[in-house]
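**Q** Spelled out, the chains give:
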Amino acid sequence: MNDSTQFDAARQARRITEQAVSWYIEQQEPLSERQRVAFLNWLRASPRHVAEYFAVAQMHGDFKAAAILKTITAEELVERAGRDSPVVMFPLMGSAIAKEHRPRTGRARRVAARAAGLVAAVLMAWLGVGYWREANGRVERSFQGDTAAVRSVTLPDGTLVQLDQNSRIDVHFDGRFRRIEVVRGNALFDVGKDAKRPMLVHVGGHVLQDIGTVFDVKREAGGDTLTVISGHVRVLNALDASHKDEFASLLDGIAVADLTAGQQISLNVAGVSTKQPAQIARATAWLPSEIRFQHETIGNVARRFNAYTSKPLVIENESIADERISGIFHADNPQAFAAYLSTLPDVRVVEERDRVRIVASSRTATKNGSM
Amino acid sequence: MREKHGAWSALFAEKGATLSKYFLRRVAHRWDAQDLVQEVYLRLLRIEPADAANIRSPEAYLFTVAANLVKEHAVLRQQQPMGSDELEQVVEQLAAPTNLEADMDSELRQQRLGVLIDRLSPKCKAVLIMHYRDELSYREIAKRMAISTSMVKKYIVKGLAACRQRMADYE
Numbered sequence: 001m002n003d004s005t006q007f008d009a010a011r012q013a014r015r016i017t018e019q020a021v022s023w024y025i026e027q028q029e030p031l032s033e034r035q036r037v038a039f040l041n042w043l044r045a046s047p048r049h050v051a052e053y054f055a056v057a058q059m060h061g062d063f064k065a066a067a068i069l070k071t072i073t074a075e076e077l078v079e080r081a082g083r084d085s086p087v088v089m090f091p092l093m094g095s096a097i098a099k100e101h102r103p104r105t106g107r108a109r110r111v112a113a114r115a116a117g118l119v120a121a122v123l124m125a126w127l128g129v130g131y132w133r134e135a136n137g138r139v140e141r142s143f144q145g146d147t148a149a150v151r152s153v154t155l156p157d158g159t160l161v162q163l164d165q166n167s168r169i170d171v172h173f174d175g176r177f178r179r180i181e182v183v184r185g186n187a188l189f190d191v192g193k194d195a196k197r198p199m200l201v202h203v204g205g206h207v208l209q210d211i212g213t214v215f216d217v218k219r220e221a222g223g224d225t226l227t228v229i230s231g232h233v234r235v236l237n238a239l240d241a242s243h244k245d246e247f248a249s250l251l252d253g254i255a256v257a258d259l260t261a262g263q264q265i266s267l268n269v270a271g272v273s274t275k276q277p278a279q280i281a282r283a284t285a286w287l288p289s290e291i292r293f294q295h296e297t298i299g300n301v302a303r304r305f306n307a308y309t310s311k312p313l314v315i316e317n318e319s320i321a322d323e324r325i326s327g328i329f330h331a332d333n334p335q336a337f338a339a340y341l342s343t344l345p346d347v348r349v350v351e352e353r354d355r356v357r358i359v360a361s362s363r364t365a366t367k368n369g370s371m
Numbered sequence: 001m002r003e004k005h006g007a008w009s010a011l012f013a014e015k016g017a018t019l020s021k022y023f024l025r026r027v028a029h030r031w032d033a034q035d036l037v038q039e040v041y042l043r044l045l046r047i048e049p050a051d052a053a054n055i056r057s058p059e060a061y062l063f064t065v066a067a068n069l070v071k072e073h074a075v076l077r078q079q080q081p082m083g084s085d086e087l088e089q090v091v092e093q094l095a096a097p098t099n100l101e102a103d104m105d106s107e108l109r110q111q112r113l114g115v116l117i118d119r120l121s122p123k124c125k126a127v128l129i130m131h132y133r134d135e136l137s138y139r140e141i142a143k144r145m146a147i148s149t150s151m152v153k154k155y156i157v158k159g160l161a162a163c164r165q166r167m168a169d170y171e
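Here the protein sequences come in this chain order: L and V.
Numbered according to UniProt numbering, the first sequence spans residues 1 to 371.
Numbered according to UniProt numbering, the second sequence spans residues 1 to 171.
Bear in mind the hints are in silico, worked out from the structure with no lab data behind them.
Just so we're clear, the structure is a prediction, and the values are computed from it rather than from any experiment.
Virtual Cβ for every residue (Gly too), placed ideally from N, Cα, C.
It is possible that some hints are incorrect.
[Claimed, not checked] Stretches of chain L that chain V covers, calculated by requiring three or more beta carbons in the stretch to come under 8 angstroms of a beta carbon on chain V:
id : stretch
1  : 8-21
2  : 31-39
3  : 44-51
4  : 60-73
[Unchecked claim] Label pairs and their in silico Cβ distance ranges:
id : chain 1 : residue 1 : chain 2 : residue 2 : range
5  : L       : 73        : V       : 42        : 47 to 55 angstroms
6  : L       : 316       : V       : 169       : 41 to 49 angstroms
7  : V       : 48        : L       : 15        : 25 to 33 angstroms
8  : L       : 292       : V       : 140       : 53 to 61 angstroms
9  : V       : 51        : L       : 48        : 17 to 25 angstroms
10 : L       : 46        : V       : 68        : 44 to 52 angstroms
11 : V       : 135       : L       : 10        : 27 to 35 angstroms
12 : V       : 64        : L       : 29        : 15 to 23 angstroms
13 : L       : 30        : V       : 68        : 20 to 28 angstroms
14 : V       : 48        : L       : 75        : 47 to 55 angstroms
15 : V       : 42        : L       : 30        : 24 to 32 angstroms
Just chain V, same shape as in the assembly (with noise of 0.2 angstroms):
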């Protein structure tokens, strides 16, 4: 975290008043975001074994709590509070907290990762490209690459994580 840090005085450096506002509310709201993660986490582990088991939906369950604490924190710094869009708006702060990532805009990222998926092998390609963007199920894929919807499945795991790992390489 001290060479992040370290990094971002440097830049601030380097190009003076020009960035200020802008970037200093958003550095805030990185620093933020980490402690949210955190703070998210530790709420995570107060939950007592028999009540997990009851927890129908822990994705949403995560969510839910991490979009409390954003709220919780706008009012604290008192800043309007989220609106209907919130859950987005979370997830885009809490995503690797501490990296440039979280404050590259997303047609940045979508451009990045849009070089990253070329560079997929051909299979991997196929199969992301059928489901995010023709909509195509497993099913579907499977058929017409002639392969098993777990494959398919597979790949989609490979080449997402694949992306994601590249994309934290710019962080």
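Just chain L, with the same shape it has in the complex (with noise of 0.2 angstroms):
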């Protein structure tokens, strides 16, 4: 079977599970007449229809045996849906998203975003700031890597990004979305913060949806290799998603898979393969060996750092964030930065399983206040 076929036969095997589903949440009301007919012109239409009737039954009994070995209760079931992100993106259906929103809000949504569009499109002429072509947060650019060396990319989001030589990206930016394609080489995302807008990083049939995260993706003839150094990635199955009416069932979907730090998936095709350790100096072995920074905020070389250890640095004083540095380091070696930092005054490092804080040392501040 070619992948053309493959694909056209998961997608109508989906149909038609979607469509036995309906049928079987329907009969939950006396169905009218007319529903009676189409009922059974659907089941006569083809035995898979039958068949796939009985598993949804069958499946419908073994639910809530499943549910009833959830302990989580419904406070926080009702209170974790609403931290969530509401949707997901699928990159190849971009105009077809802004369809998606709920009519209500839709149009208050629309005017408050045109309202913060023109306020951000005032600030820009007022900073002469051309370089991106953004409003309201929009960006559409590619990024080629240099043909000599690895280059760093600051978005406006925050999100940092490291291309190798190259290697090719393109973002997408707008209003309820950041999507970036990786479309060749190696890309490693260091994500800014947006809890508005999520971040969709699109890798072949893939979808790689992060929450505030170190990953790396390697984009090969053979297949590509996503690596997560830090945090939590969520891969989705694009796929799925071929048409706009389609776009909805991957939102609710289930996740491909849940990747964590230090874990490595590879994705082609056919699918993905199964979670392993990552080597994370493998993975990260394209990138320099070396941080070199000059007057840089300690912030931003701690995330520089980040990007090659699962244990990430987190600065957790704005005011040491701030302060500008300059030096040079072993990227593998980020205990020594660690090392480095405690000796500035105020300054104390926390190890802890999975981070290393930076703090202020409260005890001198304490002292320097008495004094």
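Bring the two chains, given one by one in their own frames, into a single complex with the hints.
**A** Right, dumping it as structure tokens:
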């Protein structure tokens, strides 16, 4: 079977499943005569419909048993659902997504967005910034890696991208999503925080949904590799959503994989491999072996180190993060950098299991205060 | 189907006699189950258009046809006819006839479903658990989630379909 027929078969199977589930759910209320006829016609259309309907009926029974085992309280469920960034994005469908607004809030949001866009445009004109094609946080741009060295790009949302030689990414940011397509090569992302606009990275047929995270994407002829350095990345199958109707099913669909720090998978047309422990050093071997910085903020330098380690440096104090320093370090030795930071006045380094916290040493602060 | 058959032959070759009787019986059922779907389907096709409109509940009709067919087969195979929970067993047997799922015991299926539920989007998961575990109505769920009842229904359909699709992947 070639890819496209396999793809069509999968799509058809999903359609049958959705129809079977819809009909099954409809039975909770007595059907109208028109519905009864439609349901019977649907069953009579194919033996696969009949088989799938039975399968759904069986799953319905199992579902209750499976749900009962969940110990999470309803309050927690509601709370987590509220925190959820509402939509996951499929990059090839950019224009269709805008129509996914809920009608009630759509108008208000559009008006607000227009107003915000105006402010941003005015502000930019004032600042004379024309570098980005951007308004209201919108960006449409392609980045090529240099031919000689790894290139660092900072996007307007604070996302830091390292691009290997001859690599290319396409960036599409709009009011609702931050989408980046890894066209070729190797790129490492340290994702900036923007709770309102989920970051979605498109790699071949897969979408990676990040949540505040550093990860590496490598595209090769034989397949793609995703390595999560720190944080959490969810992989969704973009092949699932080929047109607008099916987009919705991707949103509420099941993640192909969930990865946390130090895990790696390979992605190809056939699917996703099992998760494996990653060798971070190998995955990031293409990055420069030294970190050089001149008069750069501690916050930014720490982020550069965090590309290399699953135990990120977290600068918890803003005034420390904003302090500017210069130096050269071995990239694979964030401990040396942390040790250096600990020599700065009023800085304390706290080693934890999954992170290294850089905090203001309160003892000194109080001492100073009392003096 | 040939592929499935090949896979089973390979399994038998590998595991040998230890599996034999239990599995042979189950496999026999599997082929029956597929035939049954086919037979149920043919009976549905035979319904006259005039009669179709008179079927009060097509779903009950469907299950009844299936249950009767299983009974007939049981008699043919000189087994005990099915008991009171026959419907459940019919459904069990008919579900996705050519898949391993039908051979999985329900505990394993439920375990897998449990994993899949956790991988749904948080909204979908919340709606489904409140509906299936806490037995809340669409209206109650809608109120707690601050969404419309039609959205609640949509999440239930999407979530069930997503889980069913992934369960089918185990086949």
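**Q** Now tell me, hint by hint, if it's right for this structure.
**A** Here's how the hints hold up against the structure:
{"no.": "1", "hint": "8-21", "result": "holds (count 6)"}
{"no.": "2", "hint": "31-39", "result": "holds (count 5)"}
{"no.": "3", "hint": "44-51", "result": "holds (count 5)"}
{"no.": "4", "hint": "60-73", "result": "holds (count 12)"}
{"no.": "5", "hint": "L:73 to V:42: 47 to 55 angstroms", "result": "holds, 49 angstroms"}
{"no.": "6", "hint": "L:316 to V:169: 41 to 49 angstroms", "result": "holds, 43 angstroms"}
{"no.": "7", "hint": "V:48 to L:15: 25 to 33 angstroms", "result": "holds, 29 angstroms"}
{"no.": "8", "hint": "L:292 to V:140: 53 to 61 angstroms", "result": "holds, 60 angstroms"}
{"no.": "9", "hint": "V:51 to L:48: 17 to 25 angstroms", "result": "holds, 24 angstroms"}
{"no.": "10", "hint": "L:46 to V:68: 44 to 52 angstroms", "result": "violated, 22 angstroms"}
{"no.": "11", "hint": "V:135 to L:10: 27 to 35 angstroms", "result": "holds, 34 angstroms"}
{"no.": "12", "hint": "V:64 to L:29: 15 to 23 angstroms", "result": "holds, 21 angstroms"}
{"no.": "13", "hint": "L:30 to V:68: 20 to 28 angstroms", "result": "holds, 24 angstroms"}
{"no.": "14", "hint": "V:48 to L:75: 47 to 55 angstroms", "result": "holds, 54 angstroms"}
{"no.": "15", "hint": "V:42 to L:30: 24 to 32 angstroms", "result": "holds, 27 angstroms"}
Checked against the numbered hints given earlier, this structure breaks only hint 10.
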